[in-house]
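Let chain A serve as the given structure and place chain B on it in line with the hints.
Chains as they are written, first to last, in our numbering: chain A, 1 to 428; chain B, 429 to 856.
There could be a bad hint or two in this list.
What the hints assert, rightly or not - Quick list of in silico lysine-lysine cross-link-like pairs, DSSO-like style, CA-CA up to 30 Å:
#1 A:Lys272 / A:Lys232
#2 A:Lys273 / B:Lys700
#3 A:Lys364 / A:Lys397
#4 B:Lys813 / B:Lys700
#5 A:Lys385 / A:Lys364
#6 A:Lys272 / B:Lys700
#7 A:Lys273 / B:Lys701
#8 B:Lys701 / A:Lys272
To be verified - A short, non-exhaustive set of chain A residues, derived as facing chain B with CB atoms under 8 Å:
#9 Glu292
#10 Val297
#11 Leu298
#12 Asp318
Claimed, not checked - Sample of chain A residues lacking proximity to chain B, with all beta carbon distances greater than 10 Å (derived):
#13 Asn186
#14 Gly260
#15 Pro340
#16 Ser411
To be clear, the hints were calculated from the coordinates, so they are not data collected in a lab.
C-beta atoms are modelled at their ideal positions from N, C-alpha and C, and glycine is treated no differently.
2 protein chains.
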Amino acid sequence: MSSPLRLGIAGLGTVGIGVVRNVRQKAQLLAARSGRSIEISAVSARTRDKDRGVSIASYDWEDDPVTLATRDDVDVFVELMGGSDGPAKAATEAAIAAGKHVVTANKAMLALHGHDLALASEAAGVALRFEAAVAGGIPVVKALTEGLAANEITRVMGVMNGTCNYILTRMQSSGLPYDDVFEEANQLGYLEADPSLDVGGIDAGHKLSLLASIAFGTQVDFGGVALEGIEKVTIDDIRQADDMGYRIKLLGVARMTARGLEQRMSPCLVPKKSPLGQLDGGTNMVVLEGDEAEQIVLRGPGAGMGPTASAVMADVIDIARGFRVSTFGRPATSLEAASPASTATAVPYYLRMALHDKPGALAKVATVLGDAGVSIDRMRQYRHKDATAPVLIVTHKTAPAALEDALAAMSRLEVLASAPVALRIESV
Amino acid sequence: MSSPLRLGIAGLGTVGIGVVRNVRQKAQLLAARSGRSIEISAVSARTRDKDRGVSIASYDWEDDPVTLATRDDVDVFVELMGGSDGPAKAATEAAIAAGKHVVTANKAMLALHGHDLALASEAAGVALRFEAAVAGGIPVVKALTEGLAANEITRVMGVMNGTCNYILTRMQSSGLPYDDVFEEANQLGYLEADPSLDVGGIDAGHKLSLLASIAFGTQVDFGGVALEGIEKVTIDDIRQADDMGYRIKLLGVARMTARGLEQRMSPCLVPKKSPLGQLDGGTNMVVLEGDEAEQIVLRGPGAGMGPTASAVMADVIDIARGFRVSTFGRPATSLEAASPASTATAVPYYLRMALHDKPGALAKVATVLGDAGVSIDRMRQYRHKDATAPVLIVTHKTAPAALEDALAAMSRLEVLASAPVALRIESV
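Pulled out of the complex, with its shape left as it was, chain A reads as follows (with noise of 0.2 Å):
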């Protein structure tokens, strides 16, 4: 058996105590399994002296992260810190300068600098690895970068925030609007500091820019992932979109396409008996579509201790095993810069809209819907509420310069009580 592989842990969170406690109780098993025993040699957090439910005292501390990632007896930089520049991004840098692995978490480190981090760690011969950046427990890094490597991919989609889609599910299941079912995932210590990062699809963009890279050759461009997030989705769109037979979920959706990389995070209607539309609560899912394996669909948790330090350890393993795959699945240096769409594939959307009760009011929006060009596969106008209808309707395929002019010409008409709604409706 081969020397062993020492780790310097930055960050004892969640995450880190979690592989903190996978090194120790599974010394044995990994051994077995990785052909060398894994050693931790020292460790960093904010404060040393706190209770963490294991023990951190056999290891040496390091107040400073740098010095930790470039310890001589440090082979692996296990960056557990979080925050895309700062301590997480200078460690990182220090690690692969001095000729360390990395193993990291941090999307929004990646979905950043992920291009530049690459290219440092492939020059200085590394490995750089983020299983546990994407999806939590589920090994789709693994799945998209060896699984399918002999696929053209020609889309990936997921819901990659649980905590969106644990406040979805929990509207339609109780029939709450948004703000309360937010205030109570708040409550229950679901949102991150900063909720935007989650409701307003930043944390599952930065997954998605990232699994892009991957998939398409190109440079991670999380600037230009099209964000939108949930907060302006009412629970009658839950219930009437449901009514319609779909569900809403915030989808990261990501193709190539002739026009460039098309790469949207928004919430989205999937048919409600797909998996996609099944998939309830904090779970994640992530569907990979390539030209050979068709569709393969990965599903489970996307946070925890347990499932993101089986990510994190998943790729210890894989450097102690001695594999080394280039961190975006080919050579930094090939991979081109990413060229945002102009535009969105055209897609049926749903539209909700109220109109007032005058004759004829119908009549003008499928006129308006028709001039433009804008193919009506289903409509539906319920039951008067106040003085105005409410009315969905399901288009045919439509490319988004014909919508824009339907809803511009829509909201010249004098029918409609409110703007409308318009939500992509995703194939799958």
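Relative to the frame of chain A, chain B by itself:
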């Protein structure tokens, strides 16, 4: 870029041709992702001259797969002939002895000889990989061996024979009896030449035994798989399970218990709203449960040219990238002989019976069950058909011995019109 990786492909059926097409059509993508080009040196099949829809004229031809496997210009022997023994095994052994890596889709060969072949390949220092042997295009061998390597695996489950799942879901949707749907599947060419490989659970049992070896660190033990096919599943079972909220699936389940390794391939009931319950048609699904990652579900096509070629090529690309992992995730010399569990884990059971229309019949059945220690969770008696009344019982968790006692005692009652059917209910 390193020197090309050169393949010798034996077997040019659907999968073999899929691999040839992949290598020809995706040369650039494969080189970008592998870091070296992938080439075919030579091929072998039963018939040389045959229109295969893709030209093999540029590759050397070998009549004998053993000669192919040992050619100087072959780095990886790709075995796609099938058959547990005979030429496939001879050529695989010859390849290993000649220091060639082997990639195979041959579940039967590995289920029966996997341990010996793994020992030989590791002694020779070559890779022996088999992603395509289990669940087609789903990268499940990789997910289990690598993605969940830091977990104690607690259970592996799967629907891994698309033909059986097609038959069962077609019975469900059409209301047709087993024999009719079996004949339909036969007409459609879905069945193996020996249909018992499919409907008898043998093919899926081969796959289960391979996953169990990885999951539990035991030598492959196909002989230890308790096999039960779908031949006895009636349309009444399917209808009445549905009525109780279940679907019937040919489900493989492997668990390590205090009583030893439990491997079962049998028709089971699963909740119809679970991912397994919702799996229709020929799609495969594997559920991996670990103490850290919790539950990971993978879903995708279990067969077909593209998906299977995708899995074969993933193994080839791993080899090109220089990955080396033991065939079953740890050195074959360290795998323990499997000690099959003497009895099955207690689960709830579904019992279906027909009672003669006599006063007190149901009471007698209930008494017999109670006397054997079998506790009833739910019971339904349906309206009489002819002179008998169908009765369904869902039990609480029941040890198999208690169930056997109850079934034996019931068979001595004069109120039963026929032997009762008992199926396991697997929690998911």
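Starting from the hint list further up, note which numbers the structure goes against and sort them upward. Those not satisfied: there are none.
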